[in-house]
Amino acid sequence: MKQAQQVLSTYAVDVFGIASALYELGGLIIMHDASGCNSTYNTHDEPRWYDLPAMVYISGLNEADTIYGNDQRLIDNIAEVVDAGKPTFIAIGGSPMPNAIGTDYKAIAQMASRRTGIPAFGFRTDGIHSYLPGAGAAFLTYAKEFLQAPQKKPQQPARRVNLLGLTPLDFSVVGNATTLKNLITENGFILQSSWAMGESPEGLAQAANADVNAVVSATGFYLAQYMQEAYGIPYVCGLPMGKKGTAGWLQALRDGDTSYLTGLTGKEKPARLNRALTKLDAWKVEQVYDDTPCDVLLINGEPLQLLSMRQFLADEYGLHDVRLLCPLADAPEPLTTQIETACSEEAIRRECRKARRIIADPIYARLLPGEEKKFLSFPHEAYSGRHYRDDLPLFVGPDARKWLDEKGF
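Okay, so the sequence shown: first residue is 1 according to UniProt numbering, each after it adds one.
By construction, these hints were calculated from the structure, which means they are not laboratory data. Keep in mind that the hints are not guaranteed to be accurate.
With a Cα cut of at most 25 Å, we get these calculated BS3-like pairs of lysine-lysine [to be verified]:
{"hint": "1", "residue 1": "106", "residue 2": "86"}
{"hint": "2", "residue 1": "402", "residue 2": "243"}
{"hint": "3", "residue 1": "402", "residue 2": "244"}
{"hint": "4", "residue 1": "407", "residue 2": "374"}
{"hint": "5", "residue 1": "402", "residue 2": "373"}
{"hint": "6", "residue 1": "354", "residue 2": "373"}
{"hint": "7", "residue 1": "269", "residue 2": "144"}
{"hint": "8", "residue 1": "144", "residue 2": "106"}
{"hint": "9", "residue 1": "402", "residue 2": "181"}
{"hint": "10", "residue 1": "267", "residue 2": "152"}
{"hint": "11", "residue 1": "181", "residue 2": "243"}
{"hint": "12", "residue 1": "267", "residue 2": "153"}
{"hint": "13", "residue 1": "86", "residue 2": "144"}
{"hint": "14", "residue 1": "243", "residue 2": "407"}
{"hint": "15", "residue 1": "244", "residue 2": "407"}
Model, not experiment: these values are computed from the prediction.
Build out the structure end to end from the sequences listed, making use of the hints.
This is how it looks when you write it as structure tokens:
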């Protein structure tokens, strides 16, 4: 069957994206699923689990409650944990089975909020979509609840910068997040807030005072659009890779150049987050534009890493015959206009055969037995989890080419 996956893995799902985005913010995060399923998140997709405590729980959904429905037990359990842990908010999302029986997460969140007296968010997740819309919804929902009104309007040239979309799912804990923050503070900017690694709720509440938003992954794109519409803050999408790429990124931040790397105008209609969280078209969407061989094929589930890496290869290595392939059809549409989409294993294998070299998570090398040498390892925490964490590179900043050179690229 075309939808079957024989050798490939799946990306972190939407409810894991919610947990990753909100992990450090002092809330109670509930995954509505069977007992034991939390380990998939905390042992594969969450490198902070053993060093940084957080209230991420599984609901322990059982067979009887699945068949007959028993939302009251979930609400009672939430209230008990709130009394013991004193979280600042509640976030509830779920997996395929609760979705199949039509669980109303927003209604459950409202009931939990009335009972506990703290804000509660219900997300219509299904454990089938990817982490991109899940984390994107979490950032956006949190901002609408906790952002304070700005004390001043955005200024140009920009000085105060928000980093949006910073989670271990895309950056792990190997130094990429620290490098991004240092680039901001060492080049005349003030880091207003970081969404949401190494940041406090108090810091995030002041984010509307920024002059520009740096969207470093697709998970921050929905929030960037909202903050532009609500507060007039421009956003710049992309990552600083290599010396030229870093200089260009920093200049785009100063100028508030929304068109940098993506060609966006900043006036696009808001990306359809509700559609991304409720419709699954991934198996139907395969936008492959070119049947000719290419020099390099980049495969990644995060669109901004793809776009930034393409520019990096052009700047640092003079490579221009580079194709971009995203296996996720629920990425924000404005960010994927320059990116091809292939979601089935059959289609991805076909595209890999056309490329002379492939930069991708090591799992993709399993598609072409005997041709592993054409693949260059670029692990993605949201895809292979902890399995290749020791091989995760520092891929941002002026020295980004170091990891490629060490691999003999």
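Practice problem: Could you tell me which of the hints above the structure violates, numbers in ascending order? | Solution: Violated: none.
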